[in-house]
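Chain by chain, the residues run as shown.
2 protein chains.
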Amino acid sequence: MMKIAIDAMGGDHAPQAIVAGVVQASQTFDDVHFLLYGDEQQIAPLLPEGTRNVTIHHTTEKINSDDEPVKALRTKKDSSMVLAAKAVKEGQADAMFSAGNTGALLAAGLLIVGHIKGIDRPALMTVLPVLDQNRQFIFMDVGANADCKPENLNQFAVLGQYYARFVLNNQQPTIALLNNGTEATKGNELSKKAHTLLAANPHIHFVGNIEARELLTNPSDVVVADGFTGNAVLKTIEGTAIGLLQSIKNTIKSGGVTTKLGGLLVQSSLRGLRDNLDYAQHGGAVLFGLKAPVVKTHGAADEVAVFHTIKQIRTVLQTQVIRDLSEYFEEKSNEI
Amino acid sequence: MMKIAIDAMGGDHAPQAIVAGVVQASQTFDDVHFLLYGDEQQIAPLLPEGTRNVTIHHTTEKINSDDEPVKALRTKKDSSMVLAAKAVKEGQADAMFSAGNTGALLAAGLLIVGHIKGIDRPALMTVLPVLDQNRQFIFMDVGANADCKPENLNQFAVLGQYYARFVLNNQQPTIALLNNGTEATKGNELSKKAHTLLAANPHIHFVGNIEARELLTNPSDVVVADGFTGNAVLKTIEGTAIGLLQSIKNTIKSGGVTTKLGGLLVQSSLRGLRDNLDYAQHGGAVLFGLKAPVVKTHGAADEVAVFHTIKQIRTVLQTQVIRDLSEYFEEKSNEI
Chain G
1 MMKIAIDAMG
11 GDHAPQAIVA
21 GVVQASQTFD
31 DVHFLLYGDE
41 QQIAPLLPEG
51 TRNVTIHHTT
61 EKINSDDEPV
71 KALRTKKDSS
81 MVLAAKAVKE
91 GQADAMFSAG
101 NTGALLAAGL
111 LIVGHIKGID
121 RPALMTVLPV
131 LDQNRQFIFM
141 DVGANADCKP
151 ENLNQFAVLG
161 QYYARFVLNN
171 QQPTIALLNN
181 GTEATKGNEL
191 SKKAHTLLAA
201 NPHIHFVGNI
211 EARELLTNPS
221 DVVVADGFTG
231 NAVLKTIEGT
241 AIGLLQSIKN
251 TIKSGGVTTK
261 LGGLLVQSSL
271 RGLRDNLDYA
281 QHGGAVLFGL
291 KAPVVKTHGA
301 ADEVAVFHTI
311 KQIRTVLQTQ
321 VIRDLSEYFE
331 EKSNEI
Chain X
1 MMKIAIDAMG
11 GDHAPQAIVA
21 GVVQASQTFD
31 DVHFLLYGDE
41 QQIAPLLPEG
51 TRNVTIHHTT
61 EKINSDDEPV
71 KALRTKKDSS
81 MVLAAKAVKE
91 GQADAMFSAG
101 NTGALLAAGL
111 LIVGHIKGID
121 RPALMTVLPV
131 LDQNRQFIFM
141 DVGANADCKP
151 ENLNQFAVLG
161 QYYARFVLNN
171 QQPTIALLNN
181 GTEATKGNEL
191 SKKAHTLLAA
201 NPHIHFVGNI
211 EARELLTNPS
221 DVVVADGFTG
231 NAVLKTIEGT
241 AIGLLQSIKN
251 TIKSGGVTTK
261 LGGLLVQSSL
271 RGLRDNLDYA
281 QHGGAVLFGL
291 KAPVVKTHGA
301 ADEVAVFHTI
311 KQIRTVLQTQ
321 VIRDLSEYFE
331 EKSNEI
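Protein sequences, first through last, are from chains G and X. This note's numbering puts the last residue of the first sequence at 336; the count rises by one with no breaks. This note's numbering puts the last residue of the second sequence at 336; the count rises by one with no breaks.
If we strip away everything but chain G, and leave its shape as in the complex, we get (with noise of 0.2 Å):
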């Protein structure tokens, strides 16, 4: 049995939608039990009958969004988030959830769960839908290290390749660079010596820079960035397909006749490009290089993208992902 330890209180709609997530999980997995942490009152009545798999811990703490991070781990200590990463560093639990402030989750991870031995930085993971295809690919790091060395770089793709290989079966994922430019003198000089050591690296099958503008259409199937930088790409892409999206809506709202008939007429089969976008759909952002998978999502998250996301850390959990890196980073460490 997988065990997830859950933040029942982290996100705009929590509990309500982080529990109905949970619950549809119980309802479809019957390997996973759950570690539900925050306010009994509030979590338990939103529990059908008959639940199954499903632990309240409680506890009335909880860390806001606009906590300071590292401050709210100190002084929150009965906190929900704080209680279900200790859950996972103590081994009552092999993972861990959260809606909640993403910089304190973070610091969780870092602090309380732990960083794998020879692993520097852990990095904030998503995967990502290529338009038009039907694959995906990986992006890191999007915000765990705003300042990141080169050799931070070189471990990421090695963390992306793991993920690539175990949890979405790509046996020998492409790994390419984020750079403001294909060739290699390009960038600055962090994605300058980055490149250098990536190329080095012949534990990867590194193809060279990819640029923001392909991204979306012709990405390798691991592309490794800093984190202030993936973090700024992530959210110019969100910005941008949502941004659009709704801009399409109001041409074909304040149209004429012709054009609203028209919108109608298209209306599901826009509903369906949107669906593909719903990155929802595709899960919560992994802090990756843990020693046990501390998983992310939007604060804006429902039911779906609940649920969406414990898919996702059950598949995570039941490959040897973190097993076997961490046996790679070990092996590096001791040839050093």
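These are computed hints drawn from the structure, not numbers from a lab. Just so it is clear, CB atoms sit at the ideal spot from N, CA and C, and this is done for glycine as well. Incorrect hints may appear among the rest.
Stated by the list, open to error - Partial selection, computed: residues in chain G whose CB lies under 8 Å from chain X:
1. His57
2. Asn188
3. Glu214
4. Leu215
5. Thr236
We have chain G; now place chain X onto it with these hints.
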């Protein structure tokens, strides 16, 4: 009479698209003289009889898109781009235009035209449309400086403010820093230090951080970023917008009869949206902070894009923005 030096040989569709754009501009504006640098054999036949205010400066040498920038400047002294830059340096022209090798153009701007005293690093600046609003915002640096210091970003803010005031007629533009969080404490080392400088700058109306998610829907009038992040974000916007619109087209084309009919009905409205997003109509990217405007447009630029970029250069030259900017930084240098 304003004089604009044109690199007639740079870009994917040179010299045809470049010359066609210049011809259109010469027919529209009677206060601009164009100095066309390039192969007279190819250019002369493209000028309709009676074309006024256009002089051809013959050269057969040109810089290719894959030439190494600084080396190309050194070895191709008679290239159309270098000659156009020299014309500006020597006062024969007031500004220059190219659709050619971006790196080489940036180098030509810095090394031949030269920067305004007191400005350490000129920035590549672009004007982008805000979705569903009849306004634009200035975004910089989109690629001139892959590595920036905090003070560079503080100077970019002043550069953007001057451009907004003089060229876009926005007297008190708001200025924000692109960052991965809205709080002042968010970001990498560079953005945190830049935030402090910007907040303390008495000459600008700084409104704090902006996240990339808000860029197209709710930006300040000027948004500053380092050239690596700015470049990645700009290319992400382009890639996401183009990819999404293409994907919508594909979705409609592969749909049933109803969807196809709907597609026909909404077509003209969507074309309006695409035109609004068409960066060609918003002019080129200005390397700003130099003694004269050096303006780049897309390599793929067509006649329309060339025309609009020339129109933009004319607007810049009609103002006193470069003179006033020079005075500001001159005074600032004297203060210290």
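Okay, the hints, checked on the actual structure:
Annotation: His57(G) was flagged as interfacial toward chain X, and the flag is violated, the nearest CB pair being 30 Å apart, outside 8 Å. The closest approach between the C-beta of Asn188(G) and any C-beta of chain X is roughly 4 Å, which is under the 8 Å cut-off, so the hint is satisfied. The beta carbon of Glu214(G) comes within 6 Å of a beta carbon in chain X, closer than 8 Å, and the hint placing it at the interface holds. Interface hint at Leu215(G): satisfied, since its Cβ lies 6 Å from the closest Cβ of chain X, which is below the 8 Å cut-off.
Checking Thr236(G) against chain X: minimum C-beta separation of about 4 Å stays under 8 Å; hint holds.
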